[in-house]
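Engineer: Residue numbers (this note's numbering), protein chains in the order written: chain A, 43 to 273; chain G, 26 to 299.
Since the hints were derived computationally from the structure, they do not count as laboratory data.
All clues stand as given, with none of them false.
Simulated crosslink set (BS3-like; lysine-lysine; CA at most 27 Å straight-line):
{"#": "1", "chain 1": "A", "residue 1": "K175", "chain 2": "G", "residue 2": "K63"}
{"#": "2", "chain 1": "G", "residue 1": "K64", "chain 2": "A", "residue 2": "K175"}
{"#": "3", "chain 1": "A", "residue 1": "K245", "chain 2": "A", "residue 2": "K45"}
{"#": "4", "chain 1": "G", "residue 1": "K297", "chain 2": "G", "residue 2": "K63"}
{"#": "5", "chain 1": "G", "residue 1": "K64", "chain 2": "G", "residue 2": "K297"}
{"#": "6", "chain 1": "A", "residue 1": "K45", "chain 2": "A", "residue 2": "K68"}
{"#": "7", "chain 1": "G", "residue 1": "K297", "chain 2": "A", "residue 2": "K175"}
Given the structure is predicted, the values throughout are model-derived calculations rather than measurements.
Chain residues, written in single-letter form:
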Amino acid sequence: MLKVENLSVALGGATVLENVSFSVQKGEYVCIVGENGGGKSTLLRAILGQVPRAGGTVTLTEGKIGYLPQQSTAGADFPASVKETVLSGCLGALGWRPFYGRAEKEKAERVMKRLGVWEWRERSFSRLSGGQKQRVLLARALCAGENLLLLDEPITGLDPLVTQELYQLIDQAHREEGWTVLMVSHDVKTAVTVADKILHLGKTVRFFGTSEAYLASDLGIHFTGRCCEHV
Amino acid sequence: MFDLLREMLSYAFLLRALAVGVMVSLCSALLGVTLVLKKYSMIGDGLSHVGFGAMTVALALNVAPLYVAVPVMIVSAFLLLRLRQSSRFSGDAAVAIISASSIAVGITAASLAGGLNTDVYSYMFGSVLAVTREDVILAFVLCAAILTFFVLGYHRIFAFTFDPDFADASGTHTRPFNMVFALLTAATIVVGMRVMGTMLISGLIVFPAVTAMRLSRSFRGVTVTAGVISVAAFVIGMIASYAFSYIPAGAGVVLANLLFLLLASLVGRLRKTG
Ligand SMILES: Nc1ncnc2c1ncn2[C@@H]1O[C@H](COP(=O)(O)OP(=O)(O)OP(=O)(O)O)[C@@H](O)[C@H]1O
Ligand SMILES: [Mg+2]
Chain A
43 MLKVENLSVA LGGATVLENV SFSVQKGEYV CIVGENGGGK STLLRAILGQ VPRAGGTVTL
103 TEGKIGYLPQ QSTAGADFPA SVKETVLSGC LGALGWRPFY GRAEKEKAER VMKRLGVWEW
163 RERSFSRLSG GQKQRVLLAR ALCAGENLLL LDEPITGLDP LVTQELYQLI DQAHREEGWT
223 VLMVSHDVKT AVTVADKILH LGKTVRFFGT SEAYLASDLG IHFTGRCCEH V
Chain G
26 MFDLLREMLS YAFLLRALAV GVMVSLCSAL LGVTLVLKKY SMIGDGLSHV GFGAMTVALA
86 LNVAPLYVAV PVMIVSAFLL LRLRQSSRFS GDAAVAIISA SSIAVGITAA SLAGGLNTDV
146 YSYMFGSVLA VTREDVILAF VLCAAILTFF VLGYHRIFAF TFDPDFADAS GTHTRPFNMV
206 FALLTAATIV VGMRVMGTML ISGLIVFPAV TAMRLSRSFR GVTVTAGVIS VAAFVIGMIA
266 SYAFSYIPAG AGVVLANLLF LLLASLVGRL RKTG
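Take the sequences, apply the hints, and build the full model.
Structural biologist: Written out as structure tokens, the structure is:
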């Protein structure tokens, strides 16, 4: 459903992505891994059309994207209720209408209930804990998209328990509702267990294939830290 | 207090000043919420200094102030935004440079035109005598435009303010939004600075938003509260300045805003502990 061909991106005079090609089939769960500054976030932003492409194509054959940006300072100390935040995910469905209709409000309510954030709907988003915030932002992403989730490091900085919960929620969306997932993660060890495929990015595609193949590859062995385990 | 207000309303010039002020207070409070949250409030400050420069130059050249102020402010608004977004320059340094230069140009123009007379003084600190019928019409048009923009664009403004990255990904283009905000801010300052004074008008943008954030936790709540507080503070400030003739109008309004902020901080603190 998503096809990226020979994608190149240059930012501030430097080449960030070079000749990136891969494709994601409907219903797949793909994890993007790689070193800091390897261009993972940039790849997602290029797919969303937020950064200019120096070359190549991105084709989305069907569906709508729900995006969860890498943790930023956005929303820090911002007066927004959880409900307002989740509902803002429906922004793309607004078109030329000025206000949300019943369909959007019902969708937001459904998603909030499913992710267990409905109880917090009147609470201030900025006063939630990091894990609660990510849950709310996942809800927003689910409101924004229809069948493709782009998640940029959704679990970074969360404690193991909350991380587990978030993985479960993503997994649930993937399995039960058929979302195609493209997730950036530094938690490589879990990534290889949850994802069907791994994309290792370091300016170019350094590996793209199934999780099993990645684990068996030299790069995979190195990056999952198993090269040194027997020492 | 209401007797005072009634007495004030019997003067045509005070009525005009009140009308312009109430509308400008509402506009600046609405814009202020986004500007403060996006950490753009210094742009309002910079623009008001540019306004002072433009007005005194107009005075020296003996042309209608608005003909100079409007184009200069629009250009400056774009410039300030540009400088803010470019990484070569830190945003607040850019604002400081533009502010200081404008004041220097303004003061030079003023002394060329015969020193710091009452006109220049009233540009700096506001005067209720200076408000004309055209100002009222201008304020009305501006207010109608801003209210329409905020009502129809509310959800987009929220998304753009809260998380521009996400708003952009959802197909709301953020660049024009920045421009629209800069333009509306410039227009609000132009219309409001005759009453409030160029040194004090930026308070009208910042205070209500900051006060409202002490009292409400939702964006809708903050927006509405800021609007209400701003209008109330303006009216109270005007009444105070009428009752105590040594308080200039602009100063009265800013002091009323300050009072509201202190009260709101107190309420916020009590609520947290209580
Ligand atoms: N707006 C920009 N202007 C110039 N260079 C940029 C810009 N955004 C990103 N870069 C550069 O592009 C490179 C890739 O950045 P990107 O954020 O995509 O990395 P990443 O793989 O997501 O890293 P991390 O794991 O730390 O999130 C970095 O070297 C970064 O400095
Ligand atoms: Mg990143």
